[in-house]
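Novice: Respectively, the protein sequence lines represent chains A and B. The letter at position 420 of the first sequence is residue 420 when you use the working numbering, and the numbering goes up by one with no holes. The letter at position 112 of the second sequence is residue 112 when you use the working numbering, and the numbering goes up by one with no holes.
These are calculated hints, taken from the structure and not from any lab test. There could be a bad hint or two in this list.
[To be verified] Quick list of simulated restraints, FRET-style, between CB atoms:
#1 B/W135 / A/S424: 30 to 38 Å
#2 B/E18 / A/D253: 26 to 34 Å
#3 B/P481 / A/D24: 49 to 57 Å
#4 A/E471 / B/K317: 54 to 62 Å
#5 A/E390 / B/E320: 12 to 20 Å
#6 B/L264 / A/G311: 29 to 37 Å
#7 A/D253 / B/M157: 28 to 36 Å
#8 B/E385 / A/Q49: 52 to 60 Å
#9 B/R341 / A/Q327: 40 to 48 Å
#10 A/E427 / B/W135: 32 to 40 Å
#11 A/T478 / B/K104: 36 to 44 Å
#12 A/K397 / B/L412: 25 to 33 Å
#13 B/L468 / A/N17: 50 to 58 Å
Note that the structure is predicted; figures quoted are calculated from it, not measured. For each residue, glycine too, the CB sits at the ideal point set by N, CA and C.
Number of protein chains: 2
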Amino acid sequence: MAKGLTSRAENYSQWYNELVIKADLAENSAVRGCMVIKPYGYAIWEKMQAVLDKMFKETGHENAYFPLFIPKSFFSKEASHVEGFAKECAVVTHYRLKNDENGKGIIVDPEAKLEEELIIRPTSETIIWNTYKNWIQSYRDLPILLNQWANVVRWEMRTRLFLRTAEFLWQEGHTAHATQTEAIIETKKMVNVYATFAEKYMALPVHIGTKSESERFAGALETYSIEALMQDGKALQAGTSHFLGQNFAKAFDVKFASKEENKLEYVWATSWGVSTRLIGGLIMAHSDDKGLVLPPKLAPYQVIIVPIYKGEQELAKISEKVEEMMQKLRNIDISVKYDNRDSQKPGWKFAEYELKGVPVRIAIGPRDLENGTAEVARRDELTKEIVNIEGIENYIKNLLDQIQENIFQKALKYREQHTTKVDSYEEFKEILENKGGFVLAHWDGTKETEERIKNETKATIRNIPEYLPLEDGVDMLTGKPSKGRVLFAKSY
Amino acid sequence: MAKGLTSRAENYSQWYNELVIKADLAENSAVRGCMVIKPYGYAIWEKMQAVLDKMFKETGHENAYFPLFIPKSFFSKEASHVEGFAKECAVVTHYRLKNDENGKGIIVDPEAKLEEELIIRPTSETIIWNTYKNWIQSYRDLPILLNQWANVVRWEMRTRLFLRTAEFLWQEGHTAHATQTEAIIETKKMVNVYATFAEKYMALPVHIGTKSESERFAGALETYSIEALMQDGKALQAGTSHFLGQNFAKAFDVKFASKEENKLEYVWATSWGVSTRLIGGLIMAHSDDKGLVLPPKLAPYQVIIVPIYKGEQELAKISEKVEEMMQKLRNIDISVKYDNRDSQKPGWKFAEYELKGVPVRIAIGPRDLENGTAEVARRDELTKEIVNIEGIENYIKNLLDQIQENIFQKALKYREQHTTKVDSYEEFKEILENKGGFVLAHWDGTKETEERIKNETKATIRNIPEYLPLEDGVDMLTGKPSKGRVLFAKSY
Numbered sequence: 001m002a003k004g005l006t007s008r009a010e011n012y013s014q015w016y017n018e019l020v021i022k023a024d025l026a027e028n029s030a031v032r033g034c035m036v037i038k039p040y041g042y043a044i045w046e047k048m049q050a051v052l053d054k055m056f057k058e059t060g061h062e063n064a065y066f067p068l069f070i071p072k073s074f075f076s077k078e079a080s081h082v083e084g085f086a087k088e089c090a091v092v093t094h095y096r097l098k099n100d101e102n103g104k105g106i107i108v109d110p111e112a113k114l115e116e117e118l119i120i121r122p123t124s125e126t127i128i129w130n131t132y133k134n135w136i137q138s139y140r141d142l143p144i145l146l147n148q149w150a151n152v153v154r155w156e157m158r159t160r161l162f163l164r165t166a167e168f169l170w171q172e173g174h175t176a177h178a179t180q181t182e183a184i185i186e187t188k189k190m191v192n193v194y195a196t197f198a199e200k201y202m203a204l205p206v207h208i209g210t211k212s213e214s215e216r217f218a219g220a221l222e223t224y225s226i227e228a229l230m231q232d233g234k235a236l237q238a239g240t241s242h243f244l245g246q247n248f249a250k251a252f253d254v255k256f257a258s259k260e261e262n263k264l265e266y267v268w269a270t271s272w273g274v275s276t277r278l279i280g281g282l283i284m285a286h287s288d289d290k291g292l293v294l295p296p297k298l299a300p301y302q303v304i305i306v307p308i309y310k311g312e313q314e315l316a317k318i319s320e321k322v323e324e325m326m327q328k329l330r331n332i333d334i335s336v337k338y339d340n341r342d343s344q345k346p347g348w349k350f351a352e353y354e355l356k357g358v359p360v361r362i363a364i365g366p367r368d369l370e371n372g373t374a375e376v377a378r379r380d381e382l383t384k385e386i387v388n389i390e391g392i393e394n395y396i397k398n399l400l401d402q403i404q405e406n407i408f409q410k411a412l413k414y415r416e417q418h419t420t421k422v423d424s425y426e427e428f429k430e431i432l433e434n435k436g437g438f439v440l441a442h443w444d445g446t447k448e449t450e451e452r453i454k455n456e457t458k459a460t461i462r463n464i465p466e467y468l469p470l471e472d473g474v475d476m477l478t479g480k481p482s483k484g485r486v487l488f489a490k491s492y
Numbered sequence: 001m002a003k004g005l006t007s008r009a010e011n012y013s014q015w016y017n018e019l020v021i022k023a024d025l026a027e028n029s030a031v032r033g034c035m036v037i038k039p040y041g042y043a044i045w046e047k048m049q050a051v052l053d054k055m056f057k058e059t060g061h062e063n064a065y066f067p068l069f070i071p072k073s074f075f076s077k078e079a080s081h082v083e084g085f086a087k088e089c090a091v092v093t094h095y096r097l098k099n100d101e102n103g104k105g106i107i108v109d110p111e112a113k114l115e116e117e118l119i120i121r122p123t124s125e126t127i128i129w130n131t132y133k134n135w136i137q138s139y140r141d142l143p144i145l146l147n148q149w150a151n152v153v154r155w156e157m158r159t160r161l162f163l164r165t166a167e168f169l170w171q172e173g174h175t176a177h178a179t180q181t182e183a184i185i186e187t188k189k190m191v192n193v194y195a196t197f198a199e200k201y202m203a204l205p206v207h208i209g210t211k212s213e214s215e216r217f218a219g220a221l222e223t224y225s226i227e228a229l230m231q232d233g234k235a236l237q238a239g240t241s242h243f244l245g246q247n248f249a250k251a252f253d254v255k256f257a258s259k260e261e262n263k264l265e266y267v268w269a270t271s272w273g274v275s276t277r278l279i280g281g282l283i284m285a286h287s288d289d290k291g292l293v294l295p296p297k298l299a300p301y302q303v304i305i306v307p308i309y310k311g312e313q314e315l316a317k318i319s320e321k322v323e324e325m326m327q328k329l330r331n332i333d334i335s336v337k338y339d340n341r342d343s344q345k346p347g348w349k350f351a352e353y354e355l356k357g358v359p360v361r362i363a364i365g366p367r368d369l370e371n372g373t374a375e376v377a378r379r380d381e382l383t384k385e386i387v388n389i390e391g392i393e394n395y396i397k398n399l400l401d402q403i404q405e406n407i408f409q410k411a412l413k414y415r416e417q418h419t420t421k422v423d424s425y426e427e428f429k430e431i432l433e434n435k436g437g438f439v440l441a442h443w444d445g446t447k448e449t450e451e452r453i454k455n456e457t458k459a460t461i462r463n464i465p466e467y468l469p470l471e472d473g474v475d476m477l478t479g480k481p482s483k484g485r486v487l488f489a490k491s492y
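One chain only, chain A, in its complex shape (with noise of 0.2 Å):
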């Protein structure tokens, strides 16, 4: 266990967030809400950030960048989407400051009150379908595929680190069709560029499904998830894409001439977005009570070298070796870090590297240098291993890609065990309280059912898995009809 990290099984929750902390990701801010992340934090954030902005252009897209501010008439004009977001809305009222002149210091200039308020953007759709309405004119003008990575500000009231925090940096996709297929396709296209970014590069098996009703984006028609679940029992919503039909395109009257008889016809649309939140998913479901575990494909580093010295004389043989062992490394595109600080003890480096979670430690010595070997440790099992520095690099390559595939399989186990089917309430019931995880349950379809479920046990309906066979029964609570299982649990 870490220098006082909270252990999982003693709180979870606590764990997590001394871990954050502990782990130089993340802080809270003076700002209440929001939270300032750290460069090890963000050096994550910027290879998740480099790996999904080319899955979005090998899919076509393009970035783009639009106002941060909305006007509060936008924003009204799509009903639900209005509903969904005005409880938590910055608001910017005024545009200027200026000194009191009673002595009470900066106030802000009542005189410079704004004629319209601005929202700070919670979302996108309304502003950027403002502006789409100027692109398109003619089916010529579609699609439109655009992406872009920003901030964005949802006044939430009880805020957790990455998890859920007031401001949060996302990419947000908003694409235009002539089409409804077209559109869906998009967005099953996007929920499924999601899904491979999860199980490939974060090592976190996902569930794809829609959302019940209830469940959906304000302002979509279908939304689309990836539910991962995280070690204390509980699903994470990862990552959703919405088809959005023509709603956005009827608030904002956004027509097109179509080829075919040239009437004018609404557009079609679709949103997707990940955000900050991905790294909380991260660290909950592959982390220990030493510290983070990440996977080699987002960590900052994948390897750290520790020299094991008695003085200048032997750092220096050592730091010989180690600078051609680096560059063997970097040749292959390994990213490897070398702690040659004389200021700290190697056990305290090995306890330091361990919460942060660097997938591969190499330690060596001088009888290491005698023998030609150094001692390699990997973060995943915490085993360790003699290795011979000729052709390290390769040994090091292949550890890395199993060290990624393991804890994936870790992962998935942990899903497996943790995924029931049942059939009876009481048995629901149990489950989510003594064992946790996914519940794979019949539910007749209504608001109604899911409302009470969720009052009484906390637990909702993550999605609706597409690859579930269809399947006759009985909803547990109701007993009315049902065509197939949904995937319950309590959730982040």
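Please build the complex by placing chain B on the supplied structure of chain A, with the hints as guidance.
Specialist: Frame of chain A; chain B shown alone:
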């Protein structure tokens, strides 16, 4: 001249405004003073970001992220800082909207008033130094070398796309040091990084120098800037690096235990930034009456290939050859796009890519195929050559280097022709009136003289170039003694 583009001679300012729109770089949004950066404009920003980010990391900096909001009280802590920014602050006062009970639609909920107003960051010194206070105890915690990529808001009354907008994108470096010397070295290092970026990537020659006291950043002891010359003879401040002394450390009480005497000392600070304004400078410095001229190192794509064909069969043959060619170009890291759209004629495409400033155009038709040649046109000189397809990738690589250098040399020549040494105020006014550009003149070092010159001629001291030799002289206006010339110009 591009379709409907005003010429520079006719109206430079209008030429710029039209070009930004016609080349699909950006447009005004529905929110006063805020722009929409369109994909082609954003792609230039992404190129800039990638290069700068690498340069920052190579000079030892890491990225982090701090809140968008700054509590009003933080702002007041550094007196000259608040004075500099108070008049252009967007202020958040409420955190909720609601349905008006009298049916007036969505209104700001008066009950959701913040106890303390939040300012949208116009720059982040205050929120960052409030954070650094907790990070810094001892000399071991120094230096801190951070950068942030972010949006900021300054409520400007007169805005222009890229050059001056209420919201803009930028990076802001914020560093903390144990000694004054170290902080000054950092300040200079970063203005040099900006100068290198401007000259090597933007092909934009710049003058590095210090600002006069009245033009310094609000809160700085010294501000370094890079100043570039636009084609209308006006200067553009393209980047600044500030030595902040201990001002922010004192305002936020940030002290460290020093190594030598273990006594508490205030920390030394720098900050430095460049913004999307650079895109405005890039456009204004190089482009012509046919449209953009982009330096190859920052062009979203460097080569456009246009097929000249009749019928699908010819196109198929050409496309086959083009695919080969593109592979070879991409193999040596040249970005290339193939425009095989049937909906537009070659002539239209030629004009379009000239407007968009693509550095090299390759046109290829059936006769070219027979001869094994292609027509290669360069955007900067608007000249064409017939080139053998065999080995064309090396020709293009070389050509792109030549174009990059040529654009820089042109800008340099323009600057040399528009830099005038003057010794009398009459001449000074005459040059500003009729020739424009930079004027090197003696100044007595007082605010009063600077102010008078500004009021009478609209010219300001752009900076005091460090490379200029000391030279005894007399102020052209007051006749008082001067130790050297400074750089005057009208500016954006």
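Novice: Next step is simple, just say for each hint if it's right about the structure.
Specialist: Each hint, compared with the structure:
{"no.": "1", "hint": "B/W135 / A/S424: 30 to 38 Å", "verdict": "54 Å, violated"}
{"no.": "2", "hint": "B/E18 / A/D253: 26 to 34 Å", "verdict": "27 Å, holds"}
{"no.": "3", "hint": "B/P481 / A/D24: 49 to 57 Å", "verdict": "55 Å, holds"}
{"no.": "4", "hint": "A/E471 / B/K317: 54 to 62 Å", "verdict": "55 Å, holds"}
{"no.": "5", "hint": "A/E390 / B/E320: 12 to 20 Å", "verdict": "47 Å, violated"}
{"no.": "6", "hint": "B/L264 / A/G311: 29 to 37 Å", "verdict": "34 Å, holds"}
{"no.": "7", "hint": "A/D253 / B/M157: 28 to 36 Å", "verdict": "31 Å, holds"}
{"no.": "8", "hint": "B/E385 / A/Q49: 52 to 60 Å", "verdict": "41 Å, violated"}
{"no.": "9", "hint": "B/R341 / A/Q327: 40 to 48 Å", "verdict": "47 Å, holds"}
{"no.": "10", "hint": "A/E427 / B/W135: 32 to 40 Å", "verdict": "51 Å, violated"}
{"no.": "11", "hint": "A/T478 / B/K104: 36 to 44 Å", "verdict": "42 Å, holds"}
{"no.": "12", "hint": "A/K397 / B/L412: 25 to 33 Å", "verdict": "47 Å, violated"}
{"no.": "13", "hint": "B/L468 / A/N17: 50 to 58 Å", "verdict": "56 Å, holds"}
Consistency note: the structure conflicts with the earlier hints numbered 1, 5, 8, 10, 12.
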